[in-house]
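**Student:** The lines below spell out each chain.
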Amino acid sequence: MPKNEGTKNEGTKNEGTRNEGTESELLSGWGRTAPTRATVTEPERLDDVVRVVTDAGPRGVIARGLGRSYGDAAQNAGGAVLRLTSMDRVLHLDVEKGVCTVEAGVSLDTLMRALIPLGWFPTVVPGTRYVTVGGGIASDIHGKFRLGSFCDYVDRMQLVTPARGVMTVGPDQEADAFWATAGGMGLTGVVTEATMRLSPVETALVTADTERARDVDDCMARMLDSDDRYRYSVAWIDCTATGAALGRSVLTRGNHTRLDELGAKQKLRAREFAPRALAALPPSLPPGLINPLSVRAFNEMWFRKAPREKRDEIQTLTQFFHPLDGVLGWNSIYGPRGFVQYQYVVPYGAEAVVRETLERLSAARCASFLAVLKRFEHASGGPLGFPIHGWTLALDVPVGSSGLDGLLDGLDDVVVEAGGRVYLTKDSRLRPELLRAMYPELDRWRETRAALDPNHALRSDMDRRLDLSGGTQ
Amino acid sequence: MKDALGAVQSVLVLGGTSEIALATCHEIVKQRGARVVLAARKPEVLDAAAADLRAAGASAVDAVAFDATDFASHEQFVASVWDRFGDIDLVLVAFGVLGDQAVSEADAAAALEVVQTNFTGVVSVTVPVVARLKAQGHGSLVLLSTVAAERARKSNYVYGSSKAGADAFYQGLGDSLVGTGVHVMIVRPGFVHTKMTAGMEAAPMSVTPDVVADAIVKGLKSGSEIVWVPMQLRAVMSGLRHMPRMVFRRLKI
Chain G
4 MPKNEGTKNE GTKNEGTRNE GTESELLSGW GRTAPTRATV TEPERLDDVV
54 RVVTDAGPRG VIARGLGRSY GDAAQNAGGA VLRLTSMDRV LHLDVEKGVC
104 TVEAGVSLDT LMRALIPLGW FPTVVPGTRY VTVGGGIASD IHGKFRLGSF
154 CDYVDRMQLV TPARGVMTVG PDQEADAFWA TAGGMGLTGV VTEATMRLSP
204 VETALVTADT ERARDVDDCM ARMLDSDDRY RYSVAWIDCT ATGAALGRSV
254 LTRGNHTRLD ELGAKQKLRA REFAPRALAA LPPSLPPGLI NPLSVRAFNE
304 MWFRKAPREK RDEIQTLTQF FHPLDGVLGW NSIYGPRGFV QYQYVVPYGA
354 EAVVRETLER LSAARCASFL AVLKRFEHAS GGPLGFPIHG WTLALDVPVG
404 SSGLDGLLDG LDDVVVEAGG RVYLTKDSRL RPELLRAMYP ELDRWRETRA
454 ALDPNHALRS DMDRRLDLSG GTQ
Chain V
11 MKDALGAVQS VLVLGGTSEI ALATCHEIVK QRGARVVLAA RKPEVLDAAA
61 ADLRAAGASA VDAVAFDATD FASHEQFVAS VWDRFGDIDL VLVAFGVLGD
111 QAVSEADAAA ALEVVQTNFT GVVSVTVPVV ARLKAQGHGS LVLLSTVAAE
161 RARKSNYVYG SSKAGADAFY QGLGDSLVGT GVHVMIVRPG FVHTKMTAGM
211 EAAPMSVTPD VVADAIVKGL KSGSEIVWVP MQLRAVMSGL RHMPRMVFRR
261 LKI
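Chains as they are written, first to last, in our numbering: chain G, 4 to 476; chain V, 11 to 263.
Be aware that a few hints might be false.
Claimed, not checked - DEER-style ranges, computed between Cβ atoms:
1. G291/G x D110/V: 25 to 33 Å
2. A75/V x D416/G: 39 to 47 Å
3. E115/V x D58/G: 53 to 61 Å
4. G189/V x G406/G: 53 to 61 Å
5. D416/G x A70/V: 17 to 25 Å
6. P443/G x K205/V: 29 to 37 Å
7. G189/V x G291/G: 20 to 28 Å
8. L296/G x K40/V: 49 to 57 Å
9. A75/V x A367/G: 23 to 31 Å
10. L296/G x M241/V: 19 to 27 Å
11. P240/V x K313/G: 53 to 61 Å
12. S83/V x G291/G: 44 to 52 Å
13. L122/V x P295/G: 24 to 32 Å
14. S202/G x I236/V: 52 to 60 Å
Claimed, not checked - In silico DMTMM-like links for lysine to aspartate or glutamate, alpha-carbon gap of 25 Å or less:
15. K231/V x D218/G
16. K144/V x D412/G
17. K52/V x D62/V
18. K144/V x D470/G
19. K231/V x D470/G
20. K231/V x E436/G
21. K228/V x D412/G
22. K40/V x D470/G
23. K231/V x D408/G
24. K144/V x D58/G
25. K40/V x E45/G
26. K40/V x E420/G
27. K40/V x D412/G
28. K228/V x D185/V
29. K228/V x E312/G
30. K144/V x E26/G
31. K228/V x D62/V
32. K231/V x D416/G
33. K40/V x E26/G
34. K40/V x D416/G
35. K40/V x E85/V
What the hints assert, rightly or not - From the derived model, a few chain V residues whose C-beta atoms are all more than 10 Å from chain G:
36. D80
37. A89
38. A112
39. G182
Keep in mind the hints are simulated off the structure, nothing from the lab. For glycine and all other residues, C-beta sits at the position ideal for the given N, C-alpha and C.
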């Protein structure tokens with residue numbers, strides 16, 4: 004099994020002291036904002052996890068994977084953090100049925116390298132391979148796949164809970180605990196193992212169609228019109244464009260390439276999957292590299308380099324799904340103050356919210372380096388899961404852009420008004436009072452959570468900031 | 011918890027009657043409601059300020075008793091604040107006295123009062139505060155210093171030296187806390203129009219408490235370590251600091 008490369012690429016500011024098996028570390032999310040100190044333990048076995056959860060002090064414990072959630076979900080100021088990347092074994096693989104059981108610290112990178120040559124694919128992959136299975140569950144991640152999120156393909160998981168010990172949960176057993184854990188931000192227990200249903204693939208390639216859309220309405224119309232021909236769909240939006248070109252975009256959609264689409268020579272290497280990082284950014288770069296000028300130049304270039312229309316282009320999985328994985332530590336481009344990713348979903352019918360977002364961004368001269376529009380045709384089964392049927396827009400904005408707090412607070416109001424929600428995994432600045440309006444099943448989740456952890460041993464900075472669990476303050 | 015954009019959810023003000031501190035709290039709560047704890051020798055005088063902050067958007071305001079020169083009480087005081095209110099995201103150390111230079115020169119007791127409030131008191135309460143902040147693994151600790159701490163002047167060296175002591179303590183403290191999740195910021199305003207300076211002739215580049223508050227909130231957002239108010243004073247004070255004493259002592263400042 005290839006060793007987990009992602010650990011090198013951790014979203015961590017590493018300044019700490021070491022003593023027996025634990026390390027005091029300053030941790031932040033991928034956005035590199037609001038770092039806090041915690042005592043980090045790297046468990047080797049289930050027993051280690053049980054011990055740390057049982058012995059959690061008053062400031063509690065939270066699990067962490069590769070640190071790819073953008074905000075403060077996987078950090079626990081003054082408390083304990085279990086870094087599960089040390090539990091990264093593939094325990095069982097049924098090559099006939101396409102079912103695998105893994106430890107929660109296995110990264111999708113490891114999994115894809117192991118599975119694709121055998122003709123299997125983790126059904127849902129996000130925008131980076133450097134996430135763990137445990138993190139995928141805690142966020143109920145979605146990626147470019149419209150028809151389901153990560154936990155829809157999880158049959159069973161092993162969950163270490165403070166009140167009920169080691170549990171086996173799934174959609175058909177202890178379903179409440181299972182779904183509360185799906186998208187539950189790690190606050191229901193520590194996932195140590197998961198059994199996942201895989202999707203068959205014939206190749207390690209994607210047949211992609213790329214087209215340009217002249218504005219945001221055109222883009223949405225094209226997606227609604229023909230997304231059903233594709234398994235994966237994503238639109239990149241130039242949010243520096245204004246006026247008639249507001250929301251001009253590049254739409255990229257694709258399906259796993261079938262063997263019969265390839266020539267004889269290509270077929271021989273069709274399932275080869277060994278991506279390599281092309282470059283790595285130094286951990287500290289000066290502030291201000293991402294500024295309105297550089298963002299405008301990048302967006303202009305990105306739009307112009309995209310073909311007006313290109314059909315049936317064979318791309319590698321990395322090109323299609325994970326272009327940024329080629330640059331290790333790309334988040335440092337935003338400088339020492341880090342960045343905020345803002346992602347929301349609004350239901351179908353609320354298309355005007357997307358347009359309004361772009362108008363407000365351009366009026367505030369707050370250009371997002373990357374703006375991505377996708378659709379969901381399913382809803383997460385978790386009360387705290389993000390996906391609902393509708394449009395989801397994601398923006399990256401450097402911290403320090405003037406008026407950013409007011410701008411995002413204003414967008415939150417528009418999103419709530421439309422019946423939408425922001426994605427907790429990306430969040431680092433939401434007003435806590437909006438939580439219930441965005442997640443109407445919050446109280447049901449809190450009830451399930453409290454039964455698993457009545458003394459509130461599972462805690463994170465996000466929990467403290469948003470009072471997710473209720474009564475944490 | 012402080013969020014990604016520097017907004018804090020709970021504030022402890024040591025020296026709750028400080029106009030600069032109250033203006034800072036005002037600025038903080040008007041964007042996002044935060045819980046504010048005001049600590050002062052006579053908490054009952056804070057009723058109006060507390061009502062003001064509630065009206066401005068604070069989710070809760072509490073006034074507690076704190077005596078900067080009752081050193082023996084500080085450990086217990088800090089413990090009681092944390093026990094009662096939980097994590098504190100921002101501690102603003104804002105108490106201090108200006109004293110009367112002429113009186114202090116003639117009366118050691120008067121000089122000691124200035125030093126014990128502005129320096130010893132700051133050290134005494136900072137030590138237990140820092141222990142709590144380190145234990146919670148996050149938080150900002152802000153000292154209201156002054157440009158007068160940069161170089162003692164003949165016209166107010168008692169005050170200047172007491173503030174210089176606290177300022178130096180915080181510089182070292184800030185460096186020692188790197189990597190702990192605790193952020194230390196020193197604020198050095200010039201002449202600020204407050205009741206402390208009422209009746210005095212305003213120095214050049216004087217500012218109002220609101221201007222200082224604005225600079226503090228900006229500094230918190232950007233994670234600054236030293237904030238000069240106004241910003242230009244950094245250059246001015248750099249000039250004064252390096253001025254030969256022969257010249258400096260002749261200045262009418």
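**Student:** Within 25 Å, alpha carbon to alpha carbon, are K231/V and D470/G?
**Tutor:** 22 Å, holds
**Student:** Beyond 10 Å on every Cβ pair: is that true for D80/V relative to chain G?
**Tutor:** Fine: 28 Å to the nearest Cβ keeps D80/V off the interface.
**Student:** For the pair we were handed, K228/V and D185/V, check the Cα-Cα distance against 25 Å.
**Tutor:** Since the Cα atoms of K228/V and D185/V sit roughly 21 Å apart, the hinted pair holds (cutoff 25 Å).
**Student:** Straight-line Cα separation of K144/V and E26/G no greater than 25 Å?
**Tutor:** It holds: about 15 Å lies between the C-alpha atoms, which stays within 25 Å.
**Student:** Does the beta carbon distance between G189/V and G406/G stay inside 53 to 61 Å, or does it fall outside?
**Tutor:** Since G189/V and G406/G have Cβ atoms about 31 Å apart, the given range 53 to 61 Å is violated.
**Student:** Decide if the proposed pair is consistent with the structure: K40/V and D470/G, CA atoms, cutoff 25 Å inclusive.
**Tutor:** 20 Å, holds
**Student:** May I ask you to test the hint 20 to 28 Å on the CB atoms belonging to G189/V and G291/G?
**Tutor:** 25 Å, holds
**Student:** Going straight from one Cα to the other, do K40/V and E45/G come out at no more than 25 Å?
**Tutor:** This hinted pair is violated, its Cα atoms lying about 42 Å apart.
**Student:** Straight-line Cα separation of K40/V and E26/G no greater than 25 Å?
**Tutor:** 39 Å, violated
**Student:** Quickly compare the C-alpha distance for K40/V and E420/G to 25 Å and report which way the hint goes.
**Tutor:** Since the Cα atoms of K40/V and E420/G sit roughly 22 Å apart, the hinted pair holds (cutoff 25 Å).
**Student:** Given a hint of 53 to 61 Å, does the C-beta separation of E115/V and D58/G actually sit inside it?
**Tutor:** 59 Å, holds
**Student:** Does D470/G sit within 25 Å of K144/V, going by the straight-line distance between their CA atoms?
**Tutor:** 22 Å, holds
Checked against the numbered hints listed earlier, the structure breaks hints 1, 4, 6, 8, 9, 13, 15, 16, 25, 29, 33, 35; every other hint is satisfied.
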